[in-house]
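Below, each chain spelled out in residue letters.
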Amino acid sequence: MSPSLAATLYLIAGILFILALRGLSSPETSRQGNLFGILGMIIAIIVTFLSINIFFSSLIYILIALALGGSLGSIIAYRIPMTAMPQLVAGFHSLVGLSAVFVALSAFYSPQFFGLGTPNNIKIASLIEMSLGASIGAITFTGSIIAFLKLQGLMSGNPITFKGQHFINLLIGVGIIGLTVYLTKNQNNNVFWLLIIASFLIGVLLIIPIGGADMPVVISMLNSYSGWAAAGIGFTLENTALIITGALVGSSGAILSYIMCKGMNRSFFNVILGGFGGNNLAAHDKKERKPVKKGNAEDAAFLMKNASSVIIVPGYGMAVAQAQHAIKEMADNLKKNGVRVTYAVHPVAGRMPGHMNVLLAEANVPYDEVFELENINSDFANTDVAFVIGANDVTNPIAKTDPKSPIYGMPILDVEKSKSVLFVKRSLSPGYAGVDNELFYRDNTLMLFADAKKMTENIVKNLD
Amino acid sequence: MEIDPFVFRLSIFVLSIFIGYYVVWSVTPSLHTPLMSVTNAISSVIIVGAIVATSNLSSGTVFKFSNILGFVAIVLAAINIFGGFLVTQRMLKMYKKKKGKSN
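Read top to bottom, the protein sequences are chains V and W. To convert, note that position 387 of the first sequence is 386 in numbering that gives the first Met the number 0; the numbers rise steadily by one, no gaps. To convert, note that position 49 of the second sequence is 48 in numbering that gives the first Met the number 0; the numbers rise steadily by one, no gaps.
Hints are computed from structural coordinates only; laboratory data are not their basis. These numbers come from a predicted model, not from an experiment. Think of the CB as a built atom: it goes at the ideal place given N, C-alpha and C, for glycine as much as any other residue. Take these hints with a grain of salt, some might be off.
Pairwise CB distance ranges (calculated) [as the list claims (entries may be wrong)]: (1) W:K97 with V:N269: 36 to 46 Å; (2) W:W24 with V:E27: 11 to 21 Å; (3) V:G408 with W:K97: 47 to 57 Å; (4) V:I196 with W:W24: 31 to 41 Å; (5) V:I167 with W:W24: 27 to 37 Å; (6) W:W24 with V:L169: 29 to 39 Å; (7) W:K97 with V:P2: 24 to 34 Å; (8) W:F64 with V:Q31: 18 to 28 Å; (9) W:M0 with V:I74: 52 to 62 Å.
Below, computed lysine-lysine pairings styled on DSS-like, alpha-carbon distance capped at 27 Å [stated by the list, open to error]: (10) V:K162 with W:K95; (11) V:K122 with V:K184; (12) V:K403 with V:K334; (13) V:K122 with V:K293; (14) V:K453 with V:K335; (15) V:K304 with V:K335; (16) V:K418 with V:K304; (17) V:K399 with V:K416; (18) V:K261 with V:K403; (19) V:K334 with W:K95; (20) V:K122 with V:K261; (21) V:K293 with V:K304; (22) W:K63 with V:K334; (23) W:K96 with V:K335; (24) V:K335 with W:K92; (25) V:K122 with W:K97; (26) W:K63 with V:K335; (27) V:K304 with W:K92; (28) V:K122 with W:K95; (29) V:K292 with V:K261; (30) W:K63 with V:K460; (31) V:K416 with V:K261; (32) W:K95 with V:K184; (33) V:K184 with V:K335; (34) V:K162 with V:K184; (35) W:K97 with V:K403; (36) V:K418 with V:K335; (37) V:K293 with V:K184; (38) V:K304 with V:K416; (39) W:K97 with V:K184; (40) V:K304 with W:K63.
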């Protein structure tokens, strides 16, 4: 295949990837969009096969590798529970990062395969491009591994901070740039390895200070990095499909990070520098509080059965308790009693963008009953019952009233405006931000202390 | 003087960032998780580099270091491609409207 034809077909693959993302603008078009994405991938792979001189023996190896990875990926995709989606995505990011590192390394060792010169005599521009691709790929790899370990619970979600952390990161960052410059003068294998190892290290250091509930930002950020790594490799290999995809994924992740930061009213740097949600914030004023009103499943069932409208506010606790199916059952039961049931999702509810929506969809909740914050917030005032399950900080009215609070200015769901609030929670402990929720102590709030799933199931029993 | 082809690639890159910017803002927030998994899958188009690295067996039989790296990179990228697209498809199938099948 002529290089021009190949380049044109790579462009078509790139366009199909754009259409794949475009499809996600609504659930109806999304499935078709995904098929466009698959088609683009098939085209890109076939074009690659047709445009290189391939030895029969290497073809066998390539097919073995494809079959191996393909079957492993398929098994994972079918087996993975929806609640584990954040760690799965983090794991997938790490693989993109590592393959970027490997492709860059192989281009460095055998540039003649890629038409980039001969070993130790690589074009300067290609060297810089592959250093960028390798470095960002390496950061994505180790960063995603740390994110994965935190999300999977194999590593504590608490931020790990130490003195001089940011200074060390800066030093390594400058070191990586220095190594890249040095590499253009002296194409030494060891220098390239050193560059990769330094990037591995900074990937770890960047993610460890970031706490568990800031994971939506981390995961979006790593998504973005994996895109930039792919783009770096795309420049090295002079491949349009890779450049387009890298740019798309890079900007996609960046936008998601921005949306997540805005959902917490924090700057990107505030999140990245980490340390938020540590114990040092627990020193909030311990004013005299009224005792809370405790309720049980029976009270909750009675309240909701006699309501005309209920808004369910799910949070990370729902995912942990796997309560989504029980919630759907409860909602169906209420609807049979003529109650209008809707769901309100905060942008940073859960551990990744859109986390709650996927879990509700899994439980067969129709997506047109699930609303984003800005579309439902005005409805709380006309609602009888707000049923908060596993969410906390995102409902705390202190974000609107106390400028000293760490969550001040964060957009919150106005659950306090509804006639009564039901709070399913294990205890009165403050949320991730370490802030007490004054909503617990209000007259129209009923606390339901229990595991989210068990409580919901008990409510269902009491509704019958 | 001739224009360096790098500039053309850079143009494609910059324009794609803009396309990405507008396309991603139009993605509905409820599909942000599938967005992440599908971007994951498509960024694994890096597999094309891995295939090139594996295809050039120098003497047809002897493995070079680069070939091995390429082989592993194909496996990793293939996990992502299959896993990413399939899990996205699985998620998207769950999004149903009110009047559809109610279980």
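Hint-by-hint comparison with the structure:
One distance hint, 36 to 46 Å for the beta-carbon pair K97 (chain W) and N269 (chain V), holds here, with the actual separation near 39 Å. With their beta carbons about 19 Å apart, W24 (chain W) and E27 (chain V) fall inside the hinted range of 11 to 21 Å. In this structure, G408 (chain V) and K97 (chain W) break the distance hint of 47 to 57 Å, their C-beta atoms being roughly 35 Å apart. Range check, I196 (chain V) to W24 (chain W): Cβ separation about 37 Å, and the 31 to 41 Å hint holds.
As the Cβ distance of I167 (chain V) to W24 (chain W) is approximately 36 Å, the hint placing it in 27 to 37 Å holds. Between W24 (chain W) and L169 (chain V) the Cβ separation comes to about 32 Å, which falls inside the hinted range of 29 to 39 Å. At about 52 Å, the beta-carbon gap between K97 (chain W) and P2 (chain V) misses the expected band of 24 to 34 Å. At about 42 Å, the beta-carbon gap between F64 (chain W) and Q31 (chain V) misses the expected band of 18 to 28 Å.
In this structure, M0 (chain W) and I74 (chain V) meet the distance hint of 52 to 62 Å, their C-beta atoms being roughly 54 Å apart. With a CA separation close to 50 Å, the supplied pair K162 (chain V) and K95 (chain W) exceeds the 27 Å bound. Of the pairs offered as hints, the one joining K122 (chain V) and K184 (chain V) holds, with about 11 Å between alpha carbons and a cut-off of 27 Å not exceeded. Between K403 (chain V) and K334 (chain V) the alpha-carbon distance is near 42 Å, which puts this suggested pair outside the 27 Å criterion.
Between K122 (chain V) and K293 (chain V), the direct Cα distance comes to roughly 71 Å. Violation of the 27 Å bound is thereby established for this hinted pair. Using a Cα cut-off of 27 Å, the hinted pair K453 (chain V) and K335 (chain V) holds, with the two alpha carbons roughly 21 Å apart. Proposed proximity of K304 (chain V) and K335 (chain V) is supported: the alpha carbons are some 10 Å apart, at most 27 Å. With a C-alpha separation of about 14 Å, the suggested pairing of K418 (chain V) with K304 (chain V) holds against the 27 Å cut-off.
A hinted pair counts as satisfied when its Cα atoms are at most 27 Å apart, and K399 (chain V) with K416 (chain V) qualifies at roughly 13 Å. Between K261 (chain V) and K403 (chain V), the direct Cα distance comes to roughly 18 Å. Compliance with the 27 Å bound is thereby established for this hinted pair. With a C-alpha separation of about 18 Å, the suggested pair K334 (chain V) and K95 (chain W) falls inside the 27 Å cut-off, and the hint holds. A C-alpha spacing of about 42 Å is found between K122 (chain V) and K261 (chain V), which places the hinted pair above 27 Å, so the restraint is violated.
In summary, the hint linking K293 (chain V) to K304 (chain V) is supported, as the alpha carbons are separated by about 19 Å, within the 27 Å threshold. With a C-alpha separation of about 65 Å, the suggested pair K63 (chain W) and K334 (chain V) falls outside the 27 Å cut-off, and the hint is violated. Taken as a hint, the K96 (chain W) and K335 (chain V) pair is honoured in the structure, with Cα atoms around 18 Å apart against an allowance of 27 Å. About 26 Å separates the Cα atoms of K335 (chain V) and K92 (chain W), which keeps this hinted pair within 27 Å; it holds.
With a C-alpha separation of about 58 Å, the suggested pair K122 (chain V) and K97 (chain W) falls outside the 27 Å cut-off, and the hint is violated. Among the hinted pairs, K63 (chain W) with K335 (chain V) is inconsistent with the structure: their alpha-carbon atoms are about 68 Å apart, more than 27 Å. This hinted pair does not check out: K304 (chain V) and K92 (chain W) have alpha carbons roughly 32 Å apart, beyond 27 Å. A hinted pair counts as satisfied when its Cα atoms are at most 27 Å apart, and K122 (chain V) with K95 (chain W) does not qualify at roughly 52 Å.
Distance check on the hinted pair: K292 (chain V) and K261 (chain V) sit about 33 Å apart at the alpha-carbon level, beyond 27 Å; violated. The hinted pair formed by K63 (chain W) and K460 (chain V) fails the criterion: a straight-line CA distance of about 66 Å is larger than 27 Å. Between K416 (chain V) and K261 (chain V) the CA atoms are separated by roughly 23 Å; this keeps the pair inside 27 Å, and the hint holds. The suggested pairing of K95 (chain W) with K184 (chain V) is violated, with an alpha-carbon distance near 58 Å, which exceeds 27 Å.
At most 27 Å may separate the alpha-carbon atoms for a hinted pair to count; K184 (chain V) and K335 (chain V) exceed this at roughly 74 Å. For the hint pairing K162 (chain V) with K184 (chain V), the CA-to-CA distance comes to about 35 Å; that exceeds 27 Å, so the pair is violated. This hinted pair does not check out: K97 (chain W) and K403 (chain V) have alpha carbons roughly 43 Å apart, beyond 27 Å. For the hint linking K418 (chain V) to K335 (chain V), the alpha-carbon distance of about 21 Å falls within 27 Å, and the restraint holds.
A hinted pair counts as satisfied when its Cα atoms are at most 27 Å apart, and K293 (chain V) with K184 (chain V) does not qualify at roughly 71 Å. Only pairs whose Cα atoms come within 27 Å are accepted, and K304 (chain V) paired with K416 (chain V) is accepted, the gap being roughly 19 Å. Distance hint between K97 (chain W) and K184 (chain V) is unfulfilled; the C-alpha atoms sit about 63 Å from each other, more than 27 Å. Straight-line distance between C-alpha atoms of K304 (chain V) and K63 (chain W) comes to about 70 Å, which puts the hinted pair past the 27 Å bound.
Going down the numbered hints, you'll see the structure goes against 3, 7, 8, 10, 12, 13, 20, 22, 25, 26, 27, 28, 29, 30, 32, 33, 34, 35, 37, 39, 40, while the others check out.
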